[in-house]
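*Asks:* Build the full structure now, drawing on both the sequences and the hints.
There are 2 protein chains.
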Amino acid sequence: MTTTSAVTTAQDLDTIAARAAAAAPRFADTEPEARARALAAVADALVANADELVGIAGAETGLTEPRLRGELKRTAVQLRLFADTIVDGAYLDVRIDAADPDFALGRRPDVRRYLVPVGPVVNFAASNFPFAFSVAGGDTAAALAAGCPVIVKGHSGHPELSRRTAEIVTAALAGAGMPDGVFQLVTGQAEGVAILRDPRVRAGSFTGSIHAGRLLADIAAARPAPIPFYGELGSVNPVFVTRSAVDERATEIATGYVASVSGSAGQLCTKPGFLFVPESHGLDGAIAEAAASVAPHRLLNPRIAAAYAERRDAIIGTAGTRVIAPGGIEFDDEDQGWATPTIVGVPAADLVAGRDTLLEECFGPLSIVVEYPPGADLAALVPRLFEGNLTATVHAGTGEADAAVQALVRVLTEHAGRVLLGGWPTGVAVTPAMQHGGPWPATTNDSSTSVGTAAIARFLRPVAYQDAAEELLPAPLQMANPWGVPQRFAGPGECGRWGELTAAPAGRAG
Amino acid sequence: MTTTSAVTTAQDLDTIAARAAAAAPRFADTEPEARARALAAVADALVANADELVGIAGAETGLTEPRLRGELKRTAVQLRLFADTIVDGAYLDVRIDAADPDFALGRRPDVRRYLVPVGPVVNFAASNFPFAFSVAGGDTAAALAAGCPVIVKGHSGHPELSRRTAEIVTAALAGAGMPDGVFQLVTGQAEGVAILRDPRVRAGSFTGSIHAGRLLADIAAARPAPIPFYGELGSVNPVFVTRSAVDERATEIATGYVASVSGSAGQLCTKPGFLFVPESHGLDGAIAEAAASVAPHRLLNPRIAAAYAERRDAIIGTAGTRVIAPGGIEFDDEDQGWATPTIVGVPAADLVAGRDTLLEECFGPLSIVVEYPPGADLAALVPRLFEGNLTATVHAGTGEADAAVQALVRVLTEHAGRVLLGGWPTGVAVTPAMQHGGPWPATTNDSSTSVGTAAIARFLRPVAYQDAAEELLPAPLQMANPWGVPQRFAGPGECGRWGELTAAPAGRAG
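Sequence order for the protein chains is A and B. Using the numbering used here, you'd call the opening residue of the first sequence number 1 and step up by one each time. Using the numbering used here, you'd call the opening residue of the second sequence number 1 and step up by one each time.
Certain hints may be false.
[Claimed, not checked] In silico DMTMM-like links for lysine to aspartate or glutamate, alpha-carbon gap of 25 angstroms or less:
#1 A/Lys73 / A/Asp110
#2 A/Lys73 / A/Asp84
#3 B/Lys73 / B/Glu33
#4 A/Lys73 / A/Glu160
#5 B/Lys73 / A/Asp333
#6 B/Lys73 / A/Asp110
#7 B/Lys73 / B/Asp102
#8 A/Lys73 / B/Glu289
#9 A/Lys73 / A/Asp51
#10 B/Lys73 / B/Asp44
#11 A/Lys73 / B/Glu33
#12 B/Lys73 / B/Glu167
Don't read these hints as lab results, they were simulated from the structure.
*Replies:* So, in structure tokens, the structure goes:
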């Protein structure tokens, strides 16, 4: 069995699950600093092989070289950020309650709690980010950082890239001294389902369509022993523009909008699907001009291209719509679709009437400009139109923060994980404060994020030790604290107020 | 519609969900300090009504007055601990990334993230803790602390207590200025399922049997918009005693074991279901004597009593078992069962052979002493016998921490949320470091706890704001920081290492 076989057999799957399970305790015991070095080694190896990887990715996905080089860089930066996140051990959330003979409820024992890796994780790779949400992407980086063996179910859209990336990752991890079996690749749809059902797998993550994500989430929930499944599914990312904003910077909004819609041919989970603007906004010309200047871009694969063409026809054919920028899609001899951006206008009332067709996510370079009448209550419109989204954006005028804008921002936080004031939702920053997740169907679990350093939390679970002697405690919970991780203490009589408990108590051993 | 009607109708359910949904944004906007005061007011009101509540509880559950008074006190302490947990705002996990024009991936925006309440929560109350895991119990305290409206599905085992407790909680919250609709009670099994399916409900929590918990978890997962469901289900809490420990303190182990098994008539989720001891342990006499001194205790209700009698017969009738302390159960004229502790012995080999009958949780005062041969590899036995548990305990000799004990402790952390070295798992401390949750089937989600201040995390989700002006940010994310909550900053160029980022950056406004 190798991790690079093109087809994964049932025999392979059993071996893969067994190897991951065998690696789990040894990997869990590695010091965070060692895993941080390993993550950095993976980042270095990807960068060292950038020319080869970008070449394969371009051929398999149709994405442009600048986009792919940027994405590879982002993937390497992401790995290094997770290395930074774990290296000091703060992510372990160590909590130590001192024994307290006089606690309100009788003797309180010595209880020490920290986070441990959940065990083997299966990551389902996405097609639209062949680096950043694929074999060595964010979910892999987060799970490895947490100390979980990773099994990636490679996406069929870039098989050779998946195979080659897996080779590079496997070699880099081995070179950094990580245990055998901490990283493996499986291929095939049925194989992905089978490995998700394997009792040795303890969590799943996914980026892709609502349909496939729901299917996998249901499988994870229906296992004899259910496991958490973190799916990032669909999002239409509405943008709301006030009259003041249009008056102030019409052209900037029009060009920014078209650039965000057409980047990577609109195949991004944060593509703005709707731009709400006041009636008689006067943006048509600038939007049409910006759209006309975008060169045809190949969609990821023939299946996506065919689905896009069909959705595009249905939207254009819906009552009340008009075409602002026609764009289109043309198919080559290999059934690949080459698309230019299509922008459709519709009055708000017709969007409500045509919601069954219009509101569903359209994966590709199409977006809808929704025209609202003067005095429209945008905050009231939001819950009528939208479930959960990854993002929602408000473009207000400079200094505009009246009650209407306040109410709109407020209601958007109930329907999205990230609310932007100005700017565009594409180009997600990978930082500690980033939230990439939102209420269903944006994600299966809106208390988690799949981008940013907080994404590591998905692959950790707490364990507490009660009245354990120093020599039976794991390193992070020992008073000697050999790894030097931050420890928070509740001394006798203390309990809440974790913000205050950052220092070691007086008289502490070690 | 009142919250105290004995029967909840479909009309009521719609009103209840609507009231909770209407309360959600207003409750979310309350300052943590105000919610802390409200939680303390609930605690005070419960204590002020202790005589009446304990009287009703005793009649409805058969639990003893000292136990119920202790449990009511614990419930009040728990409410005050959650007040302490939220009052300084550290639980909001505020993260602020400064904008950075020179970030590795191009301009990084200003991103600010904190935790917001998920929305209305339905808590399914347990029968065995009529205060601490019921109407005003831990799940209610945690959800209210988080800022989520709570709908409690009262347990049929103590209907009058549920009704009266709900009245007291509702009045205390109203008296503390909390919005109308933040706390409501529903009754009836079908009504509980219906409210869990209501789209306005955003999370569920539960304490009870594997059967009922799995049913509800499946319903939550199968909703058109799935929601997280935190179930605390079944646990057999194995205890492992080494030869040295037996040699050192045989009588103490025997009496402590029987006390832990028989407390509250064994109707505790942390009751030790198995005591692993070396062959020829010589504990029989002390165990039998301790068990014989325990007075008959009424089980919670006739259904539980009948199920216990049946399980007891099946266990005693399994090949290889012998009775160490017979105990028994007698039924009164109202079909209530009065039980005394039954302790059964079995060789380890017969436990493995009889696993289908013996390993299932027995809810009531029965426990099994498992005798292992000299040189038995206990660490290897654990994964063969047990799935997930809330707790696992090791009794070793003083200073005994050899490789065998180390290996046993290590493997137990993979199968339990809390590992005790000495002592007994019943009597769970409510503290910051407590972990009350474990791999399936102990809980539906082993990354959460249902006891201790960390339980609040189940009812929070992150929201990020990008490039928002101060006046459009919620209070905890403003530079002015009007609530004075802890804020963690990543300045330009900083990213990981959250342990270091506790202070405000130089030159910070406000």
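*Asks:* Kindly indicate which numbered hints from before are broken by the structure, ordering the numbers from low to high.
*Replies:* 1, 5, 7, 8, 11
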